[in-house]
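Novice: Line by line, the protein sequences give chains A and B.
For the first sequence, position 196 matches number 196 in the numbering used here, and the numbering has no gaps at all.
For the second sequence, position 89 matches number 89 in the numbering used here, and the numbering has no gaps at all.
Bear in mind the hints are in silico, worked out from the structure with no lab data behind them.
Note that CB positions come from ideal geometry on N, CA and C, so glycine has one too.
Warning: the hint list may mix true and false statements.
Label pairs and their calculated CB-CB ranges [what the hints assert, rightly or not]: (1) A:E248 <-> B:G321: 39 to 49 Å; (2) A:E248 <-> B:G139: 25 to 35 Å; (3) B:T331 <-> A:A223: 37 to 47 Å; (4) B:K249 <-> A:A66: 23 to 33 Å.
There are 2 protein chains.
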Amino acid sequence: MRIEIDRPWDMHLHLRDGAMLNLAAPHSARHFAGAVVMPNLVPPVADADALRAYRSRVLRAAGTDAETFTPLMTLFLKNQTRAELEAARETPGFFAVKLYPAGATTNSDGGVRDFGDAEPTLRAMEKLGIPLLVHGESGGFVLDREAEFLPVYRDLARRFPKLKICMEHISTAAALPLLDEFENLFATATLHHLLFTLDDLAGGLLAPHLFCKPIVKRPEDRAALRAAVFSGHPKIMFGSDSAPHPVEKKECAGAAGGVYDAPVLLPALAALFAENGALDKLEGFLGGNARRIYGLPAPRGKIALEDAPQDVPAFFEGENGLRVAPLFAGTRLPWRVADGNFS
Amino acid sequence: MRIEIDRPWDMHLHLRDGAMLNLAAPHSARHFAGAVVMPNLVPPVADADALRAYRSRVLRAAGTDAETFTPLMTLFLKNQTRAELEAARETPGFFAVKLYPAGATTNSDGGVRDFGDAEPTLRAMEKLGIPLLVHGESGGFVLDREAEFLPVYRDLARRFPKLKICMEHISTAAALPLLDEFENLFATATLHHLLFTLDDLAGGLLAPHLFCKPIVKRPEDRAALRAAVFSGHPKIMFGSDSAPHPVEKKECAGAAGGVYDAPVLLPALAALFAENGALDKLEGFLGGNARRIYGLPAPRGKIALEDAPQDVPAFFEGENGLRVAPLFAGTRLPWRVADGNFS
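Only chain A is shown next, with the shape it has when bound in the complex (with noise of 0.2 Å):
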């Protein structure tokens, strides 16, 4: 089987810094028409002129131009002015800003402490029409985590009515209904929570290359997301979350989240949907609805899909020794991107 999608869009994507950068561009650049760029650096992309530059070196790394990959570029929520917002909105490739509360995940720690404080930047966003991309996650039990965020996202979706506002890689079922509650709330889903729970993590042996934040949930979490995704569902976009670490951070005694998928995306979201009878669904996910949702560009070209067998390295090397492990490393996938994935 071979099918053709308009060239994909990854709405949350990591790609790091200096020889990470350098090592994961290429991979998301190399098939997709663009992505949406974290900004969770050390230091976070704060401002327009961090903007800027980091976006100079995701194009200089990804080896291309803005028109065949584009890098969607965001800002990390510091209750900037709208002063700050504006400037940052006149920066190439600006998107979104995005909230991350104070500790949630890997570089988090300048982040959110109180939402009240947060207020006045996300009326000026609102007013400029800026998107607010969230991580959604309390600081509790980390299971439920995400379920005891959603009155947040409520909250937000009701004070903020003209703010996009977007959850990111939702990982319950209980974050669902909020997608036909609020108007303005959207969400995007990575290829991992449409793919695990936490038996892949912790049910055998213990996988820390699946480790990541929100951490896999259980099997009706995943049959509640699987469903939504593969009926098409309009509010979900795909985004993949895709976020490396070298191997020596991955596997330790204290194991950073993040799973690194980038280089095997479309062939595992190929295999993922033909086997449960939602290829015709691919496309939306992986562009359709956010075209809808946020107006991106035209379709740019295609990419062709098939059924042909290939086959994970078992990681990807980079400058100075840097070492990656992709999901699925050392594994084969039923599917392939018809041009050569690893080639």
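Knowing the structure of chain A, use the given hints to seat chain B on it.
Specialist: Here is chain B on its own, set in the frame of chain A:
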């Protein structure tokens, strides 16, 4: 502060074999009066000859005699005949039969697949007065496995009313009421299930050295276990489930389950019980209950614990480059055994 307690019993201990046995056995033998030694070797300890030979290896590795450190030997349940059970019972130090559902944990592939098949063995054990120790987990979702297994405990307790059945390493609040329901049901509890929840394993960085089966559970589960143990529940015995693996099997892409806490058990338990105002319940948990339930020998001397700090090594080294990281590796404990723990 300083307390003296009877030399304790560890009612659930993995000592492994070969170089690992040689490394681990002295850690338990140094301060414990004895331990129930698990039979999940490769191949499992499943007959009288294997029991005898393994006990000899344990004593040799411990570097002591059976009066100073008593290995209570267990037989891996493989539907043995009555004659085989009688032969096992004749071996020195024989204590109980251990039931593993197939695949539930390390080296359990040869365990029970069909409880109906085990009926004649269990009937014979009941007649011979041999206790049954059970790894009680279903094959379901990792957090539900113990709760899903509880009906099996109920069924066994009803069908074999004279069989002493021990729910090993209980990890959920749901297991506790069974102790009141059935006179012939008992339980062991570990240090790590009293200390940790899934938040410690996966709420921040992923901590493979806290990964075990049954997996650490929700805060409510830990709270219920703590309440039962700190109130001096007469049917709950300490069983560490200390289970060493080489560092490279814990810090890797597929980490083995097992917490190695034998070297730090007594100081860590003393600190935990002290923090919770339960030091007066420590001696019963560490041996009094087991003596009453199983008729273990009278106390054999005392051991002193004091609230003076000690540093835990990053790892212990054995033969052939073997390295094992203990719980609390590289940190400072607020209590110690008065004769020194790691000197």
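Novice: If a hint holds in the structure, say so; if it doesn't, say that too.
Specialist: Okay, the hints, checked on the actual structure:
1. Checked against the hint of 39 to 49 Å, the pair A:E248 and B:G321 fails, with Cβ atoms roughly 19 Å apart.
2. Taking the beta carbon of each, A:E248 and B:G139 are about 34 Å apart, inside 25 to 35 Å as hinted.
3. For B:T331 paired with A:A223, a C-beta distance near 40 Å keeps the hint of 37 to 47 Å intact.
4. The hinted range of 23 to 33 Å is not satisfied by B:K249 and A:A66, whose Cβ atoms lie roughly 46 Å apart.
Violated hints, in rising order: 1 and 4; the structure is consistent with all others.
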